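Starting from the given sequences, assemble the full structure and let the hints guide the process.
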Amino acid sequence: MPAPNGMAVFATMLPTTLLVVLAALGGLLGWRRPGLPPSFHRWLGALALVGAASAALVALRGVALSTNGVGLAAYAGGVVADRFSIYAVLLLCGTGLLAILTSGAAEERLGSRLPAYHALILTATAGGTILAVQVEMGMLVVGLGMVVISLVGIVAMEKTAEAPGVAAFRSLVSAGIALALMLYGLAIVYGATGSTDLAAVRGQFLHSAPLEGLGLALTLLGLAYLVGAPPLHHWMLQVASASSAAVAGTVVSLAVAAGGIALVRVTVSGFSATMVLAGVLGAAACLYPALLSVVAGSVRRLIGLGACLQGGLVISALVGSGRGSDLKPAGGVIAVLFGLVVFVLAIQASFQAVARMEEDGIGGDLAGLRGLARRSPMAAVLLSLGLAGLAGLPPLAGFLVRILVASSAVDGGYAWVAVAGVAASAIYAVVVLRWIGAAYVEDEELPVVLPRTPRLASVVGLACALFGVVAMLLAGPLLYAADGAASVLR
Amino acid sequence: MNFLAQTSSTATTSGVTFPTLVLTAMVWSAVIFALVALLMPNQTQDQLRRMKSLGSTGAGAALFFAIWAVETQVSEAAAGTGGIPGGDLLEEHNWLSSFPITSSYHLDVDGMALSVILVVSVVFFCAALAAWRNQRHVKLLTVCLLTLETASLGILASYDWVLFLLFWTLAIAPVYVLARAFGHGHRARVATRYAATSLVSAGLLLLAAVLIAFQSGAHSFDMSTTPVSLPGDGEAVAFWLITAASLLAMAVVPLHGALLDLEEDSTGVLSAIFAAVLPSLGAYTLVHVAVGFFPGTSGSFSLFFAVLAVVTVVWGGLAALRTDDLRRLIGHVGTVFMGLVLLGVAGHTTIAITGIMFLLLARGLVIGVLMLLASLIQERTRRVHISQLGGLAWQAPFLSAFWLLATLAAAGVPLLAVFAGDFFILTGSFPAHRWASTVVLAGTLLASGVLVWTSQRIFLGASRDTFERVRDLGPLELTYLGILVGLIVLIGVVPGHFAEVFQNGAGYILFPGAA
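These protein sequence lines map, in sequence, to chains A and B.
Anchor point for the first sequence: position 87 equals 598 in our numbering, and the numbering is continuous, going up by one each time.
Anchor point for the second sequence: position 488 equals 576 in our numbering, and the numbering is continuous, going up by one each time.
Hints listed in this document are in silico derivations from the structure and should not be mistaken for laboratory results.
Treat the hints with care, since some could be wrong.
To be verified - Rough simulated footprint, nothing fancy, chain A against chain B, three-plus residues with beta-carbon under 8 Å: (1) 180-186; (2) 248-257; (3) 273-280; (4) 340-346; (5) 379-391.
In this text the structure is predicted, and so the values were computed from the model without any measurement.
Glycine included, C-beta positions come from ideal geometry on N, C-alpha and C.
What follows is the structure, encoded as structure tokens:
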């Protein structure tokens, strides 16, 4: 491990520091100067996220100059700045930026708590960046705790309404269970291996005993909470159903992004012995929400289940993160990194469609959706592109992600995981077609409504939706970036 | 080499190389028009007319490039390269190289693809013309039809698994939306059932593609290297995955329910497309991919295909005899044709595969005409059941004439399109499967007999007062039906125009090394 130096500390922790400092500043200003306009906080948050992303890009220069070919390490090797962490920080900052830019849709409901909402988005992103740079159990717990507490806080911002309050409480309980599971798991792993360093742990797990296996399983379950994998998926459905659309989009997309990053870092860097477990969990996490979607009664729940399905695909892809056929590295990590970009944007687009529908006074059940294309064309376009992205229907990039995930799983020797992922995607796609069909073909005599959704949120939502098509066309460069990021984990 | 062939080939002028874009233009032109239609207003009658013009022009553009591609291959047939991939129409550009399995934008065609490309583009063009009468959901119809055409042509021109799967799955959403918007009866259930079936077939194809990419050791989604050799049971597993997906799409017995319901519960233009195009795509996949990738494996299972052919043809013929619904009857006749395709696969000879190509070309045209005519009859008489019809020849002589011609073509009468396909398939399959060929021939005759009998029931007999005000075909209907029927006659009279291309294509499928 290279010796810590100033450049390494700067490179690894600058994005996190920037985000935390500006979150504190934003919160302080919101408290001391309540008269500041919401747009001020929005642009302050955006500035923080762009700054953090820029810092990550600066670190990329340092990584390129590093002599060990991997990256820069700091704090006794607890955190590293490598291509993976930079990719992850950029993804998280992008996700946070989308959340900030679409916060206008929740402005009315959040009221004076808007500055705190923005500050929590920044701290959640900062937690995610810690998950991206950590390679040590202590930092993993810190990062995960920061993300989880911030996300629960974001949901709780809408405490004045009953349903979001309940959702926040349930999220808190689920988060507590997840953190406890992960802590127990890490404690067992530490007890078995005597090390908190993930790379060291990896080296000692070649002949894992049952107790060590339990430790790995508990850790994986705790981490899978963030991507909405069963059995800890209820919080995501609750948030998707109860919170306002902007808040739900923020929480779910940040959770999936941070959870995906953490899962990659932990399973690939340290817990490669958990692949069978990841396979079982991934298959279950794909099939269960897909089956539940058949009886989904509202579009919000459908989106929530779609987000859980994306989480299942992330876990499924990880089984293909080791050696593949011909002893070449399988493409699981590349699939996850490419997929996370696509998933985050599809989730945001879907929730923006819901926000638009709510603003236009359109119900979110199947009956309410009838004739949506005529009543609110923008909402219909957003919803169909968002849901199609979640379902992996072409020409959206979610389709390509399915192919990459299935390929990785088969290459890793887990063809049954690929079958489960494909089957789940097909089931979910049929359900999505039913909902999209209702929006476009059912005649509805209700009058056409004029949109009232804030312009910025709509534009961002539409951009997210259209990115699905763009990502398909630009899959080559995006996969090149993902490959560069994944290469350091091999 | 004629003019078309010269212009399609990669041309070099003063050191500048111009890429061939005929197949790209053929595949994407329709969806480009669909995108334009999507952005156009559709409130006034003028705007609706513009939208319909756009639909027809988009389909026409795709037809233009399809004919260009076909004629390029026909002109190369004399040199022995027409009908074989890797010719002047080849387009290949790197797409995904940063993943353990590489993928490229690879378009190409062989004889098998050309036969279906021609019928798909013609049927879509005629359907776009036929859709001029429609006044409901005009934008939706235009956009979905053009998207479906791009998806269909894309399937036929793809030589990369990712592209192939993309187009295969892209076809599902437009079919679902169209069936749900323009269907009747249990349209939502029927559309959902078909979408579920198609997604299952897409999933099977995806698994097969991944299996082939890894087990072949190529680590590539490229589809141009045939035959594929996989270790252990991999070859059989991949073959059966592709075959199962193809059979689902072909709607052969006992997997025919979803497509038949779709055809029955859709309106005229759509049922013509669904019946003429969708099963052909399945048949193309079976022959081009399953047999083409694994000629040895498919040959060893020829008995399975022979039995399935017999079951499909006999079932289809008997079901046609029993049904009273005009559109369902045509659907059953289409199933009988698919039984013939299966017999051709069982025959596993160059002549039988050539016959399949002729049959798919002819079948699409004949079934398309019959479905369009059936919808015109139902639209004019407001009757769905055959038993409620009769004596229409008095009011609609042109309609009757077109129907009779299509019926005779379906029956395999010489000098009409289907004859060549029937003849080659039966000739090519008879030596290997004598009993199956005999039974299939009998089943085909039964279906033809039912069609002729139906013609008699619908058009002959005394004129009925209830149908006194039934209109004959108008100029628009005469135009698009004339195109289809003209092609049926033309292919029947000069099948030799395509014979060499198809024969080369068949040789490439069965003996790729030799080609």
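Output the numbers, in ascending order, of every earlier hint that fails for this structure. Numbers 4 and 5, in rising order.
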